[in-house]
Amino acid sequence: MGDTPILEISRLEEIFEDDTAGIADLLEAAMGTGANNQATLRDALARHELDAVMKAAHAIKGSTANIGGNEVAEVAARIENAARAQTWDGIEPAAIELDEAYERLRAAVRAYRAGL
Amino acid sequence: MNSNTSTTPNKVLVVDDVETNLTVFAKVVSQIPETEAVCFTSAVKALEWAGQNECVLIIVDQSMPELSGIEFISQVRSRGNSYTPIVMITGHSEKELQREALKLGASAFLGKPVDPVAFVSLARNLIQLRGARLETMAKAGAAHADQQSAVEALFAQERATIDSFAKAIDLRDPRTGDHCRRVAMFSEAIASKMGLSMIEITQLAQAARIHDIGKLSMPDRILNKTSRLLGDERDAAKKHVTDGTAMLSVFTTPLLHAAAEIVHSHHERFDGTGYPAKLAGPAIPLFARIVAVADTFSALTSRRPWREAASVSIAVEQIEKESGFGFEPKIVGAFRDVMPQLLDIRAEVPDLVPAVTR
Chain H
31 MGDTPILEIS RLEEIFEDDT AGIADLLEAA MGTGANNQAT LRDALARHEL
81 DAVMKAAHAI KGSTANIGGN EVAEVAARIE NAARAQTWDG IEPAAIELDE
131 AYERLRAAVR AYRAGL
Chain W
5 MNSNTSTTPN KVLVVDDVET NLTVFAKVVS QIPETEAVCF TSAVKALEWA
55 GQNECVLIIV DQSMPELSGI EFISQVRSRG NSYTPIVMIT GHSEKELQRE
105 ALKLGASAFL GKPVDPVAFV SLARNLIQLR GARLETMAKA GAAHADQQSA
155 VEALFAQERA TIDSFAKAID LRDPRTGDHC RRVAMFSEAI ASKMGLSMIE
205 ITQLAQAARI HDIGKLSMPD RILNKTSRLL GDERDAAKKH VTDGTAMLSV
255 FTTPLLHAAA EIVHSHHERF DGTGYPAKLA GPAIPLFARI VAVADTFSAL
305 TSRRPWREAA SVSIAVEQIE KESGFGFEPK IVGAFRDVMP QLLDIRAEVP
355 DLVPAVTR
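Which chain is which? The protein sequence lines are H and W, in order. Using this note's numbering, you'd call the opening residue of the first sequence number 31 and step up by one each time. Using this note's numbering, you'd call the opening residue of the second sequence number 5 and step up by one each time.
So here's chain W without its partners, still in its complex pose:
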């Protein structure tokens, strides 16, 4: 027997290899409002149907030739249907079997002969429970989706803010813009080698793009000076870390907060002799410790109007000398390990400052 599978929304799947039992069950099911029975004598066909159709309740006999009731329940549950209640028809004395069925996902048991009043009452309760459970799942899903889209919108907004600050740096001074790009890419490579999480690496790569944002307020006479900075000029240049921090102080979102920390602390030294706060060791935010190494490598290997760029080997040597002093040894180690990648990045974002003319 295989009754129609047409329009009524609430279907009760009934599986029993004895056709007359199905007739009885179908009749009992018809006493539950807004439901109809979909009956199968073949457990295999029933399983196939259950995989393609929604039903509010499953009634399954235990003793069947193709699949036992327990095997049927196990298959339904293993295919991801965890919310449709399943009533197994079995003898009241078969406690061991019932325990096993419960473990596999049976919701309740009925004995033969089926008491129609008890059956209808049980079925209605189980159907209501299913509805409540689905409703809860839907609400949880909607709340999660709302939360997800809010988080995604926040990320997009943070990224757009970083983009616009990076653009401002580029427009103010393309050389600083290129330097920021390189430092961000170097930092990403080092952080990746250090085993930071994907979220941290992405955040660092974005935030480091504006580590020199404070240079937006640096006076032209200092920013564009073609000779080495002296005395007061050097102090004025150092202000770019506090000015930059002030520019970002209004932001409280994670990425911009991370950017503010980098801006503020990328000139601190691991031994506590840096600026502006003389922070030491782990008191310096990790991102800033990484950017400090990347920043120095980019600066040393770039031309300045008053000097040629240092060779890569000299730059590496100087950074290694500062391991444990200016920089955290672990970060210097990772920096050394990713050198081939850093050289690729240098080729990708070259230093376009003209050669020094004397």
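Bound-form chain H, shown alone:
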């Protein structure tokens, strides 16, 4: 876990203004998508297919960056870049890092909803 914020809620607040319920719904939906994307990435890793890894990491990056899930997006970007460069170097540890970051993001989302 680095300095990158796990959930930069200010971005969504700028877009959704005072629609906090809307933000919470969006985050919940994003977590559902995230679970699917994680499963796709795990599957690609298990099959040892770099192209599939790159696509799955790209999807995770794209879906989390827009909701302010910066840490997950940053780790996913590292995996994607490595896979694009056709190297497995750093991918396995980054995948573990990604799962952990996702857990922290889920916790942050739960905390946000609880605070409403």
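For the record, the hints were derived by calculation from the structure and aren't laboratory data. Keep in mind that the hints are not guaranteed to be accurate.
What the hints assert, rightly or not - In silico lysine-lysine, DSS-like type, Cα no more than 25 Å apart, as pairs:
1) 85/H / 171/W
2) 242/W / 107/W
3) 229/W / 85/H
4) 171/W / 229/W
5) 325/W / 197/W
6) 49/W / 143/W
With the hints as your guide, set chain W onto chain H.
This is chain W only, laid out in the frame that chain H set:
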């Protein structure tokens, strides 16, 4: 996700296979006045929608399973939509991809995460540009339509003028009327064989209908004379080219100007020994050079009160003899080539002058 496609006039089409991204984009789009987002997770369905609906802006993600953003842009542009701005969502570092997208018709790029302020500003600018472009296209289209209808009105007016002059010739002397009709049709066939453009052929076919308009002012004693013209009579008959030119001199429109040239020069000879101006070769207007051959063929193969009509073979022989002298060789060649057509025309517009009685 596929949001409603109802009433708001300005629609922004958003295509991204990640539903939560669409939610974010829809929210950002709602910050642009008088717009609403129409969102698709399926690029194929979005493409279908874009083919049937107007939108002011398209936002498309690059990485999608069915079609990539680039493929989507290419398809939209290839279906004739050249004016709707398209913003592609792609990584800032993907310069090669961006260059390719620009070539295919992308208008701008945005990276993820989308900065709402930058997005709204870009979207508003692009929407305004689209409006200005459409307005310019509409003005250009209206100006073109006005110009077209003015040109069509002018053509109709010119044609009506030719019709009324042709009618006047018919009423003055039906034999001359039939001769003018035949000459016009012969000229059309020859010009067509020579490879003139459709516009030129049509113009010639119309203008030649009144090549003998000068006969309207020809004295009855000459026009209706039943024996060969002599001396002064012949000179008076030749006046029909200058009289006809004078009748048409007030007109400046293209068809009537062409008619005036034919009227004036159809008795010139290729070798410069004709009348009224002794013009030679290319100095004689092309239409008049063509009409000269058609006129001679019609005249030779028609009866006169003082002589029988020449046979087609004799008429052709005489015209061929004049190739390079009275007539331009190239036109004589085309005349020979279209002879079957000329004979059909003769059958269609026969010479109704009664047989010579002696």
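Going through the hints against the structure:
1. With a C-alpha separation of about 81 Å, the suggested pair residue 85/H and residue 171/W falls outside the 25 Å cut-off, and the hint is violated.
2. Restraint check for residue 242/W and residue 107/W: not satisfied, since their Cα atoms lie roughly 68 Å apart, outside the 25 Å limit.
3. In summary, the hint linking residue 229/W to residue 85/H is not supported, as the alpha carbons are separated by about 99 Å, beyond the 25 Å threshold.
4. In summary, the hint linking residue 171/W to residue 229/W is supported, as the alpha carbons are separated by about 22 Å, within the 25 Å threshold.
5. With a C-alpha separation of about 21 Å, the suggested pair residue 325/W and residue 197/W falls inside the 25 Å cut-off, and the hint holds.
6. Using a Cα cut-off of 25 Å, the hinted pair residue 49/W and residue 143/W is violated, with the two alpha carbons roughly 33 Å apart.
Checked against the numbered hints listed earlier, the structure breaks hints 1, 2, 3 and 6; every other hint is satisfied.
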